[in-house]
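So the chains spell out like this:
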Amino acid sequence: MKRLKTICTGIALALVVGSASAGNDFDYCLLCHGANANGNYGIRAPKLSGMEPWYLARQLENFAIGARGAAAEDGSGHEMRPVGLRLKTEGTLDDAVQFIGKLESKRPAPTVNGDVAHGRELYKNCVSCHGAKGEGNASLNSPALASRSDWYLVTQLVNFQKGLRGVDERDTYGAQMRAIVATLPDDKAITDVVAYINTLK
Amino acid sequence: MQNRYSRRDFLHAAGALGGSTAAFRAAMALGLLPVAAHAQRPELGTLKKPKKVLVLGAGISGLTAAYELSRKGYEVQVLEASFRAGGRNMTVRNGDRIDETGFPQVCNFDKDPDLFFNCGPARIPGHHQELLKYCQELDVELAPFINDNRNAWVQDDAMFGGKPVRAREYFNDSRGFIAELMAKSMKKEDLTGPMTAADWEQLREYLRQFGELDPQFRYIGTARSGLAKHDYTFPDQLKKPLSPSELLKSRFMFIMSFGETDDQAAMMMEPVGGMDRVVAGFMRKVGHLVQLESQVQKIQVGSRGAEVTYRRNGEYVKAKADYVLNCIPMHLLAGIEHNFPKEYVAGFTAIPRGRLFKIGLQMKERFWEREGIYGGISWTLQDIQQIWYPAHGIHRKKGVVLAAYTFDQAAGEKFGRLSPAERIKLAVEQGSKIHPDYGQYVETGVTVAWHQMNHMLGCAAQWDEALWKQWFKTLQTPIGSHYLMGDQVSYHPGWQEGAIASAHHAMADIDARERAAGTVAA
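Quick mapping for you: the protein sequence lines, in order, are chains H and W.
Take the first sequence: its letter number 165 is residue 164 in numbering that gives the first Met the number 0, and every next letter is one higher.
Take the second sequence: its letter number 340 is residue 339 in numbering that gives the first Met the number 0, and every next letter is one higher.
Hint data in this document are derived by calculation from the structure and do not stem from the laboratory.
Do not take every clue at face value.
Said to hold, decoys possible - Simulated coverage check for chain H against chain W, where a stretch passes if three residues somewhere in it have a Cβ under 8 angstroms from a Cβ of chain W:
| hint | stretch |
| --- | --- |
| 1 | 27-36 |
| 2 | 145-152 |
| 3 | 175-184 |
Stated by the list, open to error - Simulated pairs of lysine-lysine, DSSO-like, Cα-Cα distance not exceeding 30 angstroms:
| hint | chain 1 | residue 1 | chain 2 | residue 2 |
| --- | --- | --- | --- | --- |
| 4 | H | 101 | H | 161 |
| 5 | H | 105 | W | 317 |
| 6 | W | 228 | W | 396 |
| 7 | W | 297 | H | 105 |
Said to hold, decoys possible - Calculated Cβ distances over 12 angstroms to all of chain W for the following chain H residues:
| hint | residue |
| --- | --- |
| 8 | 81 |
| 9 | 90 |
| 10 | 98 |
| 11 | 105 |
| 12 | 139 |
| 13 | 199 |
Just so you know, these numbers come straight off a predicted model, no measurement behind them.
Every residue, glycine too, gets a C-beta built ideally from N, C-alpha and C.
With the rest of the complex left out, here is chain H (with noise of 0.2 angstroms):
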């Protein structure tokens, strides 16, 4: 096994590196995250519009040094982390979300149907960070939660609090919020929560 190592150093492999600064490479976000970036539900690529700067250069860094979308399954944390490597690599993160920021966001429509009202008492857990109407807080470096593709907030929250995100040391917010994920007990507390989310605006 020791040779075939070697051998497989040997094997002579080139990756395209460079060359993406023209705003024109970015198209290639749109094609998974969909017209504007609102988002893809065919491809569970969430809606990235309207996402704060600061968060979404976070969450790049943090698929570009692994710290998210490495467990094996997060399967679309996967495919977005060679992703995050990339930009980071070429020096493009921050261009990268230049780009997304000027994008038109649109309210996406619901897909998650819960109970609201209990959703609201839920909630009460979440406002000090995310603020009464999902606006989040950048002091706090908690992302606004109303106008995101919600089916996406189901699968965070899962993920969060089934250990595939939150758990790499680096990811320091990424901890807070999975330790706060434990008020939420269930499947269905997270709908209700999620349900309840989609009506803040």
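Following the hints, put chain W in place on chain H, whose structure we already have.
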């Protein structure tokens, strides 16, 4: 790992590649299939006044439509999101770019007409007559393709301690044992219905011939499994039959009839120089109508015609047309702004995307030919599943082998998670169980994870019987002047013939509408 592959999984995978005749028949019975006339190339009437057609996607279905309609008075424009035409019909050679999200690669094969890799479709069965007719018409030279090769290997960690056996041994020794078992256990009195002595003898003889049993109905080996050595100055000496208990440990039984299925049995063909010669053939005719790097962002279907907005060079461009033939993969369509009816959207978001995965490795020597293997497939139950040996360039110095082609979704995902270098490393490790010195011949490689390839992000549409029944008709039916096309809207996803059938179906419908409107020249 062996246990995760059920027969159902395999049939599903085979269906994704085509060959789902059961599904096909079920659909036929349900009346879901287009009438026969639509499956063939329609006789389009020539328009008196041109109608504008926008084709979204320059894959096989889009190019077929552009080729046919542009000859009949339709004004066609093809918008292609990628930097290249062809869709999943993709052959890579020296210097070609593999546009994978996150892991873009460049093909480093030597510059040589035989050193190419078909990343998508790679073989054409003889009954794919529509594609074959286009090949003929577009001067695409064809050569025989070797698919099934009994000299190739079968390897499974579950049998013979992981040691590979020749395919002919697996097939014929297991047949021999099954035939002997049946001959020994079958009793005339257990068979219902009238059976004459002659019938009984005929049945026994069939078993004898099926397994090549001796006069006492014992299986003692057969030349079908190959000779112990091929030294023709000596009398033939049979190989010792493989142990039936070992043979029965393997789940290869789920794959063994692959080479006998409708789409995989001889005679098969491949274009000389690569499958993308088909694309080149179409492009010679309609290349001037194709605009690359134009990514569709919005589709608005009106009461008459439709408007499409796309991005090109960072700008939004609008285009109007009388008809839109949309070949965009359904799972990507869901992210485009549109005004499609709810039902339609529910349909195209319900079909999961496939995760087919391939690796091509340039080998510095054609070592497999020294093992008596010329073309064909070795099978393994490891992640790589297959090794294909090129049927072209026989006895030349180098060759490109297909080093992985997995039908298994989980294995496809597993490879997708790895970097290209890690994928190749894994493929070399697994391939070494079939050819011990495999790794030392590897010079360079390409990896193609279709579910991560830009502008595709899936291969093929994962229809199953329930989905077909629920959604096919909905998705095949036009929304106003908007038609969904591609192999994804056929009962043969994953095959170019399916893509062509979808284009023919849509064009036949357009033609009928135009004829009804009296806009076709007499």
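Consistency of the hints with the structure:
no. : hint             : in the structure
1   : 27-36            : holds (count 8)
2   : 145-152          : violated (count 0)
3   : 175-184          : violated (count 0)
4   : H:101 with H:161 : violated, 34 angstroms
5   : H:105 with W:317 : holds, 20 angstroms
6   : W:228 with W:396 : holds, 26 angstroms
7   : W:297 with H:105 : holds, 14 angstroms
8   : 81               : violated, 3 angstroms
9   : 90               : holds, 16 angstroms
10  : 98               : violated, 9 angstroms
11  : 105              : violated, 8 angstroms
12  : 139              : holds, 31 angstroms
13  : 199              : holds, 24 angstroms
This entry does not satisfy hints 2, 3, 4, 8, 10, 11, going by the numbered hints stated previously.
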